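A.B. asks: Once you have looked at the hints, place chain D on chain Z.
Here's the letter readout for the chains.
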Amino acid sequence: MEADHENNGGRDLRTMSYLVHLDVFEGPFDLLLHLIERDELDIYDIPIARITAEFLEYISTMQLLNLHVASDFMVMAATLIQIKARMLLPKPVVCEEEADSAEEEDPRQELVEKLVEYKKYKELAMDLRAREEEFARVFVRPVGETADRLVIDDNPLKGISVWDLLAAFKNVLDSLAPEEEPAAVPKEEISMRQRMQEITASLAVCGRIKFRDLFGKSNSRTALVTGFMALLELMRLRKVRVSQDVTFGEILITAAAEEGATG
Amino acid sequence: MNLLQARAVIEALIFAAPEPIGVPQLCELTGLTRHTVQQILADLSEDYQKGHRGLQMIEVAKGYQICTHPYCAPYVEKLQKNPRSTGLSQAAMETLAIIAYKQPITRAEIEVLRGVRVDSALNTLLEKDLIREAGRKDTPGRPILYGTTRAFLKYFGLKELSDLPGIDKWLQEEILRERDSDAGASDSVADDADVADDADEHA
Numbered sequence: 137m138e139a140d141h142e143n144n145g146g147r148d149l150r151t152m153s154y155l156v157h158l159d160v161f162e163g164p165f166d167l168l169l170h171l172i173e174r175d176e177l178d179i180y181d182i183p184i185a186r187i188t189a190e191f192l193e194y195i196s197t198m199q200l201l202n203l204h205v206a207s208d209f210m211v212m213a214a215t216l217i218q219i220k221a222r223m224l225l226p227k228p229v230v231c232e233e234e235a236d237s238a239e240e241e242d243p244r245q246e247l248v249e250k251l252v253e254y255k256k257y258k259e260l261a262m263d264l265r266a267r268e269e270e271f272a273r274v275f276v277r278p279v280g281e282t283a284d285r286l287v288i289d290d291n292p293l294k295g296i297s298v299w300d301l302l303a304a305f306k307n308v309l310d311s312l313a314p315e316e317e318p319a320a321v322p323k324e325e326i327s328m329r330q331r332m333q334e335i336t337a338s339l340a341v342c343g344r345i346k347f348r349d350l351f352g353k354s355n356s357r358t359a360l361v362t363g364f365m366a367l368l369e370l371m372r373l374r375k376v377r378v379s380q381d382v383t384f385g386e387i388l389i390t391a392a393a394e395e396g397a398t399g
Numbered sequence: 007m008n009l010l011q012a013r014a015v016i017e018a019l020i021f022a023a024p025e026p027i028g029v030p031q032l033c034e035l036t037g038l039t040r041h042t043v044q045q046i047l048a049d050l051s052e053d054y055q056k057g058h059r060g061l062q063m064i065e066v067a068k069g070y071q072i073c074t075h076p077y078c079a080p081y082v083e084k085l086q087k088n089p090r091s092t093g094l095s096q097a098a099m100e101t102l103a104i105i106a107y108k109q110p111i112t113r114a115e116i117e118v119l120r121g122v123r124v125d126s127a128l129n130t131l132l133e134k135d136l137i138r139e140a141g142r143k144d145t146p147g148r149p150i151l152y153g154t155t156r157a158f159l160k161y162f163g164l165k166e167l168s169d170l171p172g173i174d175k176w177l178q179e180e181i182l183r184e185r186d187s188d189a190g191a192s193d194s195v196a197d198d199a200d201v202a203d204d205a206d207e208h209a
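Heads up: the protein sequence lines correspond to chains Z and D, in order.
Residue numbers in the first sequence follow our numbering, run continuously in steps of one, and reach 399 at the last position.
Residue numbers in the second sequence follow our numbering, run continuously in steps of one, and reach 209 at the last position.
Since the hints were derived computationally from the structure, they do not count as laboratory data.
All the pointers check out, no bait thrown in.
Covered, in the sense of this in silico footprint (three residues per stretch, anywhere, with C-beta under 8 Å from a C-beta of chain D), are these stretches of chain Z:
1) 161-171
2) 251-258
3) 261-275
4) 278-285
Predicted model, so just to flag it, every value in this text is computed and none were measured.
Ideal Cβ positions, reconstructed from N, Cα and C, are used throughout, including at glycine.
Just chain Z, with the same shape it has in the complex:
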């Protein structure tokens, strides 16, 4: 929250203090109270002209900083100006008996009452805040759960003998389908050279192969890798050409016979 302090020195400090407090004010009442307390004014006898000026200055500071001035502040500014205007008006001449009632018609009265009332709840909120802080430092066991037993003594196997368990286990074993003997698979030894020959052989027959079909028959990881490396090697040797018309489309492998022959 930095603002340019190009103003004259006297105002600087005040602007600063506003800046510090800007986000603390909870509304026009809060600001008014702050102004009254800062200047140690009597809340029941507010110098309305002075307070109005200070209030307006605060609002213009907010505007200077391009802060959104809440409508509540505007309403309060208007109220203050109205009270100020009413105080400036000459008092109607009253006779002696009516002097008392005339005194009650202080234009500030309504505002003062509201301020005093607000101040009361602001103070009560502070009391609550103190309690909030105090009880934030108190810990309880998780609410809503009755204390757990330290040891779970409900025996889930009550009345069951080890023979029952054995019988149950035998049932499980019996229900299993007889296991098929795994077929012995001889390790397939395919060399890269062999695969290269296979690819060129198929190309000689078919003219072109789909990339997908190249791996169609292979069933082992080694075969796949060898096949792919064989393809790469053939490409490096310019014996095949690989093309793809569209992205993610079919990859076609064709023989590059001419280049192969010349190269």
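C.D. replies: Chain D in isolation, oriented as in the chain Z frame:
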């Protein structure tokens, strides 16, 4: 069951209970008289205080609860998986104070007192379950009335609404004010104490 045993039983019940346990329930569970239970509770509470224990017994939301002592907080906090959420904002706290002391109260009435709109503060408080809707006011538009919850009492470690800080002074001022203004429409907190009672039982 002699008195010492009864004391132990009550302590155990308070510890094991899922939430603050009240005197009526303790009587029911132990078969002891209300008077005896209250005596034992006072005794227990004093014991905790005198013994410089890490635990204390507090009375909150009309029930008794065993909890850690605030001075142990810095250490207990290290056990917490989730860091403590920040307290209520100033706006929420002021709004809550007004609701607590003046309940049931409408949003418009709160706004008059605070001089600003309180929608977001009300939402925060409702979300945190610190306030609840407490019926409708019998005025045009039948606006919603707000009151505090049982969770509110727990949050601030209050026994009941009459335990609110500065409530006596507040009531006196309020009575004087009403006499002055002769408005009289405002309810006293004492009447509204029931409001929080029949609030969410399982808060």
